[in-house]
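Using the sequences and the hints, build the whole thing.
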Amino acid sequence: MTEIELPLWASVPATLLLIFGGLLTVIGSLGLLRLPDFYSRMHPPTMGTTLGAGCVLIASMIVSSALMHRPVVHELLITLFVVMTAPVTAMLLIRAAIHRGRLRNRK
Amino acid sequence: MEIVYALAIGVLTASGVWLLLRPRTFQVLMGLSLLSYATNIFIFGMGRLVMYRPPIIEEAGATDPSLYADPVPQALVLTAIVIGFATTALTLVVLLALRGLTGTDHVDGREPES
Amino acid sequence: MRAPTTRRLPPMLVLGLTGMWLLLNQTLAPGQILLGFVLAVGLSWAASTLRPLQPRPRNLHVAVGLVFVVLRDIVRSNIAVARIVLGLVRDRDVRSGFLEIPLDMRDPHGLAALAAIVTATPGTVWVDLSPDGSRLTLHVLDLQDEAAWIRLIKERYERPLMRIFES
Amino acid sequence: MLLTLIVLLPFLGSVCAALLPANARNAESWLSGVVTVACMALVASLYPQVADGEVVRAIIPWLPQYGLTFYLRMDGYAWLFAMLVSLMGALVVLYARYYMSPEDPVPRFFSFLLAFMGAMLGIVLSGNLIQLVVFWELTSLTSFMLIAYWYHRPDARRGARMAMTVTVAGGLCLLLGALMLGEIVGSYDLDEVLAAGNGIREHPWYTPVLVLVLLGALTKSAQFPFHFWLPHAMAAPTPVSAYLHSAAMVKAGVFLLARLWPVLAGTDEWFWIVCSAGASTLLLGAFCATFQRDMKGVLAYSTISHLGLITLLLGMNTPLALVAAVFHMMNHATFKASLFMATGIVDHETGTRDLKKLCGLRYRMPVTATVAIVAASAMAGVPLLNGFLSKEMFFEESIIAGSESGLRFTLPAVATLAGVFSVAYSVRFIHQVFFGPPAEDLPRRPQEPTRGMIVPSALLVAACLLVGILPSRTVGPLLETSMRSILGPDLPAYRLAVWHGFTVPFYMSLVALTGGVALYVLLCFRKKTMVPTPLLSRLDAKRAFDVINVAIVRGAGRLARFLFSRRLQTQLLLIVLLALGVAVLPFLVTEWTRGDMPLTPPDPLFALLWIVGAACAIGAALQAKFHRLAALIMLGGAGLVTCLTFAWFSAPDLALTQIAVEVVTIVLFLLGLRWLPRRLAFDTVDRQTLRARARRTRDAIIAVTSGIGIAALSFAALTRPRQSRLAAFFFDRSVEEAGGRNVVNVILVDFRGFDTLGEITVVGIVALIVYALLRRFRPAPESIGVPRAQRDDVLQGALPERLDDPLPRGYMKIPAVLLALALPLVRVCLFCLLLPGPR
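Those protein sequence lines, which keep their order, are chains A, B, C and D.
What the first sequence shows, in our numbering, is residues 22 to 128, in sequence order.
What the second sequence shows, in our numbering, is residues 54 to 167, in sequence order.
What the third sequence shows, in our numbering, is residues 5 to 171, in sequence order.
What the fourth sequence shows, in our numbering, is residues 373 to 1211, in sequence order.
In case anyone wonders, no lab produced these hints; they're calculated from the structure.
Here the structure is a predicted model, which means the values were calculated and not measured.
A couple of the hints might just be wrong.
[Unchecked claim] A few chain A positions that, by computed beta-carbon distances, are all more than 10 Å from chain D:
| # | residue |
| --- | --- |
| 1 | P34 |
| 2 | E96 |
| 3 | M105 |
[What the hints assert, rightly or not] Pairs of lysine to any residue residues, derived as SDA-like cross-links and limited to a Cα-Cα distance of at most 20 Å, are as follows:
| # | chain 1 | residue 1 | chain 2 | residue 2 |
| --- | --- | --- | --- | --- |
| 4 | D | K997 | B | G153 |
| 5 | D | K997 | D | A916 |
| 6 | D | K997 | B | V103 |
| 7 | C | K158 | C | D146 |
| 8 | D | K997 | B | P76 |
| 9 | D | K997 | B | M54 |
| 10 | C | K158 | C | V66 |
| 11 | D | K729 | D | P849 |
| 12 | C | K158 | C | M109 |
| 13 | D | K997 | B | Y105 |
| 14 | D | K997 | D | V893 |
| 15 | D | K728 | D | G808 |
| 16 | D | K997 | B | L85 |
| 17 | D | K728 | D | R926 |
| 18 | C | K158 | C | T141 |
| 19 | C | K158 | C | D136 |
| 20 | D | K997 | B | L88 |
| 21 | D | K728 | D | L940 |
| 22 | D | K729 | D | S844 |
| 23 | C | K158 | C | V73 |
| 24 | D | K997 | B | H159 |
| 25 | D | K997 | D | L894 |
| 26 | D | K728 | D | R817 |
| 27 | D | K729 | D | G778 |
| 28 | D | K997 | B | D117 |
| 29 | D | K729 | D | V893 |
| 30 | C | K158 | C | L28 |
[Claimed, not checked] Sample of chain D residues facing chain C (criterion: CB under 8 Å; computed from the structure):
| # | residue |
| --- | --- |
| 31 | L513 |
| 32 | M517 |
| 33 | V1189 |
| 34 | P1196 |
| 35 | R1199 |
| 36 | V1200 |
| 37 | C1201 |
| 38 | F1203 |
By construction, the Cβ of each residue, glycine as well, lies at the ideal position given by its N, Cα and C atoms.
Given below as structure tokens:
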């Protein structure tokens, strides 16, 4: 890990963004703990995946652009994939929950 | 660090062996996977634990091996991972076929009498 | 919705893939552009065999607008959910529940976009789509009055999406 | 190099012959004929050099530092045999062309015949013991194929198997003997071995070497008590019998004995073992031959007895006896081969070989009759025929050797008795087949065969006559050179002549002739005792062989059942225990010590990581029986932790590979889960018998022990400084020579590229196997139906009712759309990883 001095204009916002994203994710996980039932527990982690992830990605964009002295936008792709795959996982989780609920009702 | 590493290998091996001795094909398969993890980490560890120094040469010319991690075990393990995957897939399919043919998922192809 | 057998290259997909290729390689070299284009054509042809129906999005300015709307909503609902989680809503109890929304939109891509939006905004989760595609079920974390939610979904998201995909 | 060509030519020919179409009889025989004649010409062309006593050599070094070279040498003796083999080969090929019926698949026949001839030439010409043994075994193999040529006949199969077993077993003994010889001499080179005669005879290993070599030779040339395979090998087509079992293969044994004569002979062990084997074989063969029904049976037993005669001569330890032996080898080859051919003719024309049925064939087949009569009388040792000469020499030698060894009367008596019997069966053979009233109840109406079948045997008979009348003019010089090549300067003076005057041997042969005729007449009066063979029909070596076979097979099965369990669980247990034991050994020898390298400071995060990982592993181990999904997820967790470990200790490539493989593996497992039987905790918990519990405890102990062991081992290894020159090598080279900075990749794709290729091959093979297995995949009955999770959807009609429906309906619609959209994007990323970009 070679130490490279990060310019101030990049480091400050990056730090803030990282802190903010981390905070959001923590809150999301906390919600996963606190909320009562499965369906409502589905919601808070989404914070981590949306805004939290977004903040982290933007931060990483800023940092790497600053390091490479040219705009780095790979992270946009990551965002794209997250946006496209998150609904699928969410839906399938919900389906599982519904299925389980049906089974419980049968018994 | 070394202690943790060794313990990790030990735990992986133990659970892998335990599963390997179970009567159900699925368990044996899982045991194989765990054992392959253990083996890979073990071989990898034979290059000693080196942090933050991947064997990627920054500047050509003067290259001192002590500046980098040992690439040889890494290469070996890389091969091992792929081969392990192949064998796992093979075992999985074989056990499915066995379960289809013999109607049981016991490794002996038939339920024990007792 | 066209028949599955005919294969016409979806232009959007080709362009998108080319752009993505350039993005990945971080270049604008003509050779790379050509390569990316060839790749994109081949891939989208392969994809069109796998996926017969193709989106034909129109008036994209609406889409741009929609993106910003959605971003704002994401930030907002994040804050809202955060407050709920941290228990900052003392004055009333949080009632979560399912919400049925009658849908006018039928285009699968529009629906997909809607699903993405709904999942991206915390507080709402896509639960189910009735087999005939007429009713959408959501689960809402903070379900105060259902009518407001339904209006929100239909006004803010469904209409622009219909303008994009179904006009 | 001519010699190499001589040995190579038949093999090439056999390959070509195998490739010809099945019905190309003429092409086959032309090819084989050309090959054999060419070999003969080559051998003949070498005669002048050999006649001057020089040794023609061809050396192709193979592993010279181990004394392994492909070394061909031809001296007079080898020349004689090479000539014999190739000449007989040519004649047999000519004969076989007409003998084989059109529906026989000739390519197999000719190709194996040629291969056999090549192997035989290899034996004869090889100047290296190991190489000789190799060719030796090759002859066994090819003869197996040839005997079993009509493999639809059970007797052919059995005979072939028997011959194979006996001769190959002998060959193994011979190999051992050859190795010991090589050890004694210090080289497998035949010249040096032959030169080291005295050293070998004094060596303590002499007796075992002798016994081993003799085992090889005696089995090969069907000596008592290994004689039984030859009569059963008569199930082969007659050309094969004529070639292998009279001229070539069975001669290999005595050839070897004569070849090693200067080295091994001259001791009492040699005398007693070889002579007793020879004498008993001689008598036994002659006796049995007298009572056979089958013409080929008679010939087979007479071959045995004649080989016994040769062996006996070889055992007599006198140079003259050796001369007589070699001389008789040639004679026997000529007349016996011609007799076999005559038998084949009779069989071919009349459809039977039964001495009972056959009668008076001389009216219909006069030429064959004449040929056969002359050959048979040569076999009986009638004067003016070659058999007479060698038999005279035999009698003479028996007297001398007897007087030397204190068997003053035994040996001559044995010899004479054998002579009597041989005359008897020869007379019987001829008289019953060709004389008497013409037989009526024959399967086919006999007539003279085509010229092609007569000519070979006629030629051989002519040779018999020539040799018999003018021995010194015809074979004299050949025998001279060959003997000189074996015995060197101390070749005794001997005289090949028809008339030695009224000597004892002459009277002995008179006695033999008259006695033989008298015996036959006597037996004719008491026909009923003819078959089965009196007082030998009880002790049947073949039955003993079968009994031994069965016993061996049974024993093997019992041993396997004792050592090996069909149950995979047990096998795995054994393997694990074995590995454990092997791993424990070093700990026992040297006590476990921790290395002296300083520990790197433990990182709490890493410890935490591995606490999770260990939890995952143990959880997977505990859950794998009842909650497969949970176990699978935890397995994934363990894999993830592994991957992070790789990343942690600076192995990014490993981390990437691990994560990719991890994902694929888990997906595969998930796909497989659906086909496994449901197992719920409560329906098996009550079956926790005591034995089960004991087993589980045992396994737990084993597992924990192995875990502790490997942990200790790796800790001991990790705390020692590593010295590896490999890393330096790769670091130095990778940029200059491979032009890559990522050393791991460079190693994989460049330095060890072939390993990677092999790895890829393995993966490809696995893919093929998986494909094959899944094509025939038959799921278990109870898991064929729609899985429970989907039944409700079926009720809702959420599944697409038509397969060409572009999208599923209901809740699966949107995921389908999204994934279909995501797929091309993922593909682009993959291509981006695949193609080496500007990075």
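Enumerate the violated hints, using their earlier numbering and listing them in ascending order.
Hints 3, 5, 6, 9, 11, 13, 14, 17, 21, 22, 25, 27, 28, 30, 31, 32 contradicted; others consistent.
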